[in-house]
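Enquirer: Read off the chains here:
Number of protein chains: 2
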Amino acid sequence: MTAGSSNASPQAFAFRVLSRDGAARRGLVSTPRGEIRTPAFMPVGTAATVKAMFPQDVRATGADIVLGNVYHLMLRPGAERVAALGGLHDFMNWPHPILTDSGGFQVMSLAKLRKLDEQGVAFQSHIDGSRHLLTPERSMEIQRLLDSDIHMQLDECVRLPCTEQEAERAMRLSLRWAERSRKAFGDQTGKAIFGIVQGGETPALRVESARALAAMDFHGLAIGGLAVGEPQEVMLAMLETVMPHLPESKPRYLMGVGTPDDIVQSVARGVDMFDCVMPTRAGRHGLAYTRFGRVNLRNARHAGDPAPLDAESPCESARIYSRAYLHHLMKAGEILGMMLLTEINVAYYQQLMAGLRGAIEAGRLADFIGATKEGWARGEGARS
Amino acid sequence: MTAGSSNASPQAFAFRVLSRDGAARRGLVSTPRGEIRTPAFMPVGTAATVKAMFPQDVRATGADIVLGNVYHLMLRPGAERVAALGGLHDFMNWPHPILTDSGGFQVMSLAKLRKLDEQGVAFQSHIDGSRHLLTPERSMEIQRLLDSDIHMQLDECVRLPCTEQEAERAMRLSLRWAERSRKAFGDQTGKAIFGIVQGGETPALRVESARALAAMDFHGLAIGGLAVGEPQEVMLAMLETVMPHLPESKPRYLMGVGTPDDIVQSVARGVDMFDCVMPTRAGRHGLAYTRFGRVNLRNARHAGDPAPLDAESPCESARIYSRAYLHHLMKAGEILGMMLLTEINVAYYQQLMAGLRGAIEAGRLADFIGATKEGWARGEGARS
Numbered sequence: 001m002t003a004g005s006s007n008a009s010p011q012a013f014a015f016r017v018l019s020r021d022g023a024a025r026r027g028l029v030s031t032p033r034g035e036i037r038t039p040a041f042m043p044v045g046t047a048a049t050v051k052a053m054f055p056q057d058v059r060a061t062g063a064d065i066v067l068g069n070v071y072h073l074m075l076r077p078g079a080e081r082v083a084a085l086g087g088l089h090d091f092m093n094w095p096h097p098i099l100t101d102s103g104g105f106q107v108m109s110l111a112k113l114r115k116l117d118e119q120g121v122a123f124q125s126h127i128d129g130s131r132h133l134l135t136p137e138r139s140m141e142i143q144r145l146l147d148s149d150i151h152m153q154l155d156e157c158v159r160l161p162c163t164e165q166e167a168e169r170a171m172r173l174s175l176r177w178a179e180r181s182r183k184a185f186g187d188q189t190g191k192a193i194f195g196i197v198q199g200g201e202t203p204a205l206r207v208e209s210a211r212a213l214a215a216m217d218f219h220g221l222a223i224g225g226l227a228v229g230e231p232q233e234v235m236l237a238m239l240e241t242v243m244p245h246l247p248e249s250k251p252r253y254l255m256g257v258g259t260p261d262d263i264v265q266s267v268a269r270g271v272d273m274f275d276c277v278m279p280t281r282a283g284r285h286g287l288a289y290t291r292f293g294r295v296n297l298r299n300a301r302h303a304g305d306p307a308p309l310d311a312e313s314p315c316e317s318a319r320i321y322s323r324a325y326l327h328h329l330m331k332a333g334e335i336l337g338m339m340l341l342t343e344i345n346v347a348y349y350q351q352l353m354a355g356l357r358g359a360i361e362a363g364r365l366a367d368f369i370g371a372t373k374e375g376w377a378r379g380e381g382a383r384s
Numbered sequence: 001m002t003a004g005s006s007n008a009s010p011q012a013f014a015f016r017v018l019s020r021d022g023a024a025r026r027g028l029v030s031t032p033r034g035e036i037r038t039p040a041f042m043p044v045g046t047a048a049t050v051k052a053m054f055p056q057d058v059r060a061t062g063a064d065i066v067l068g069n070v071y072h073l074m075l076r077p078g079a080e081r082v083a084a085l086g087g088l089h090d091f092m093n094w095p096h097p098i099l100t101d102s103g104g105f106q107v108m109s110l111a112k113l114r115k116l117d118e119q120g121v122a123f124q125s126h127i128d129g130s131r132h133l134l135t136p137e138r139s140m141e142i143q144r145l146l147d148s149d150i151h152m153q154l155d156e157c158v159r160l161p162c163t164e165q166e167a168e169r170a171m172r173l174s175l176r177w178a179e180r181s182r183k184a185f186g187d188q189t190g191k192a193i194f195g196i197v198q199g200g201e202t203p204a205l206r207v208e209s210a211r212a213l214a215a216m217d218f219h220g221l222a223i224g225g226l227a228v229g230e231p232q233e234v235m236l237a238m239l240e241t242v243m244p245h246l247p248e249s250k251p252r253y254l255m256g257v258g259t260p261d262d263i264v265q266s267v268a269r270g271v272d273m274f275d276c277v278m279p280t281r282a283g284r285h286g287l288a289y290t291r292f293g294r295v296n297l298r299n300a301r302h303a304g305d306p307a308p309l310d311a312e313s314p315c316e317s318a319r320i321y322s323r324a325y326l327h328h329l330m331k332a333g334e335i336l337g338m339m340l341l342t343e344i345n346v347a348y349y350q351q352l353m354a355g356l357r358g359a360i361e362a363g364r365l366a367d368f369i370g371a372t373k374e375g376w377a378r379g380e381g382a383r384s
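Here the protein sequences line up with chains A and B, keeping their order. Each residue of the first sequence is one higher than the one before, counting from 1 in UniProt numbering. Each residue of the second sequence is one higher than the one before, counting from 1 in UniProt numbering.
Extracted from the complex, chain A is given alone in its bound form (with noise of 0.2 Å):
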């Protein structure tokens, strides 16, 4: 079967396009673990738990899919481990889809000592020393034992600014270690594999790579190397590069994007998938994303403030605790401050993605990213 094939059935992996709205798509990708509407936003479960988080709460606010990272999951409990237990959805309760990285991009960021070549990644482990090769074919036979319902190949992500020739170094290796993902991947009959498109800031770079990718057996394409320090305007403009090579008909995921305004902004463009530790993380620090832009609940002013998050928010921890409640337990260092503001941050992401879905479905998104930005513009005193 030919990947992204839509006529599938109910067993196999696919990907439809509902509706358009400019380049902006709202779509339907299955698996035999349920469907995930897009543009989606998959919040990232780490070390598999999102953080902070009940997954029978992750699901209530709206998500369909999670991430694991290999990385994080390869070194601990360990890949074998997590299939001799049932596998990743059953070890961490999450019965719905999962999309697991490849660990390419955290070896270059967290492992120690790693040295890079054609083979692979050879590295030291950040937790306690120990020595691993991540190669395309590992990484696949990792995401295979932990049995996620889409694997993305392994690629080499380097950090921008970088040198043209850097950039086009990492492209080819990836390019080359995306046939060599591919071709481990093999048959998986309800399972996908994403390629992922590099090649910096240059957008030859990334025009080539993006044809080499969509001429493979990939069930989607993938942009990463953005979102690692360049000014969004980089961003969207390698985004807007990228996008008309690849294929209309398989879904299109923005690698670790990002604020809202970032997803509204690349949902304009066309991608239909993203993933973000940034609602998860901000919330550990006191950080609430809002319909009224983002609030830091450690600040001093909210320390009196009887009036909650979002008194018309869908996310009840977001309407019935105050801001005073929220800013003390903050203050006082307190777990529940960090659950309720992860909660209320992942509900306030995914409330975001189904207005963005609604609004493709009824032709109106340029309005509904009007209102949203004027929302968050307003700030915190629309509230009143």
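Keep in mind that the hints were calculated from the coordinates and are not lab data. Mixed in with the good hints there might be a few duds.
A pair holds if it fits inside one copy or across any two, identical chains being indistinguishable in the list.
[Stated by the list, open to error] Capping the alpha-carbon separation at 30 Å, the derived lysine-lysine pairs in BS3-like fashion look like this:
1) Lys-112 x Lys-331
2) Lys-112 x Lys-183
3) Lys-331 x Lys-115
4) Lys-115 x Lys-373
5) Lys-331 x Lys-183
6) Lys-112 x Lys-373
7) Lys-115 x Lys-183
8) Lys-183 x Lys-373
Using the hints, position chain B against chain A.
Expert: Showing chain B alone in chain A's frame:
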């Protein structure tokens, strides 16, 4: 109205003994905010949160009442602030009964540069060094500002072992503070104030304290200054000494106790109410309380174990997560591990209390205690 009167209106505080089995009592405390089934265990919500639990999940475990700590709350966010925000119930989204301690115990264990005299305790905050004075009158004022349902007199709790002279001095000071606390409490419809028996390990002092407090118009009596380092048999001997001198018609609260076995033994001796940080604190450190005894999830032998903590627990988290997953979460320092084990432990404590209540009603307390201790002794092997 006389304190502890049982033919009271729905808006009054009242206590009824519903049935007995030996010295043990099954009772009901009525307050305008709800009923407390006794014997009752109160989860500790130190800083306006039962650590790492959503309040609705605390409720779902079967808790009728939680405890708040005056010392922590007076320092942060401050009693006047909580009052301005509608009181502690609204602040923490717990509409059910709350008992507050007097602050005395934690002033002595946590505050810096404390100085105790007849008037009260002057001390510096352990958080910011600010200076405070806690007197019986100020403790009552703080508890009224917090709007808790059961207030505790200010007392002086000495650590055991101590000299008899020291125990006597502290006991007599606590009696004088009991009178001042009772007077300052005044007459608050629907609210209660409990006196606290002190007297160290000296039976004559304990009896004198109990008799003096029984003669005052308190709504309940607590036994303080136990579970502060002494062996269990000393604690139980003190209980047996004190109990005959406490009014039958008033609830009896053993402060800061304890392990499941401490609770079982104390219920058999006539105690109606308990509080302890043990289930919550242990949960944050990877220890689970179960029908099969205490389980240290950090232990490597759980790393590959697919079994849940208790497949027949009424607590879903004890049923659906494997020991391997809980082990992984604790090893990885994941907040979800603390959330799950805290919930599992609080649920087990409530399950134990429900079992004790049912056994007293059925006149089968001795059998229940025997079977319960057998389960703990049999250990985890029992699950297979």
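Enquirer: Hints first: check each against the structure and report whether it holds.
Expert: Against the structure, the hints:
Only between protomers do Lys-112 and Lys-331 lie at most 30 Å apart by alpha-carbon distance; the minimum there is 20 Å, versus 34 Å within a single protomer. In this homomeric assembly, Lys-112 and Lys-183 come within 30 Å of each other (Cα to Cα) only inside a single copy, at 29 Å, whereas the closest approach across copies is 66 Å. In this assembly of identical chains, Lys-331 and Lys-115 lie within 30 Å of each other by CA distance solely across copies; the values are 27 Å between and 42 Å within a copy. Taking the closest pair of Cα atoms, Lys-115 and Lys-373 never come within 30 Å of each other, the shortest separation being 44 Å inside a single copy and 57 Å across copies.
For the homomeric pair Lys-331 and Lys-183, neither the shortest alpha-carbon distance inside one copy (52 Å) nor that between copies (35 Å) is at most 30 Å. In this assembly of identical chains, the alpha carbons of Lys-112 and Lys-373 never lie at most 30 Å apart, being 41 Å within a copy and 50 Å across copies at closest. For a Cα distance limit of 30 Å, the shortest separation of Lys-115 from Lys-183 inside one copy, 24 Å, qualifies, whereas the shortest one across copies, 75 Å, does not. Taking the closest pair of Cα atoms, Lys-183 and Lys-373 never come within 30 Å of each other, the shortest separation being 44 Å inside a single copy and 58 Å across copies.
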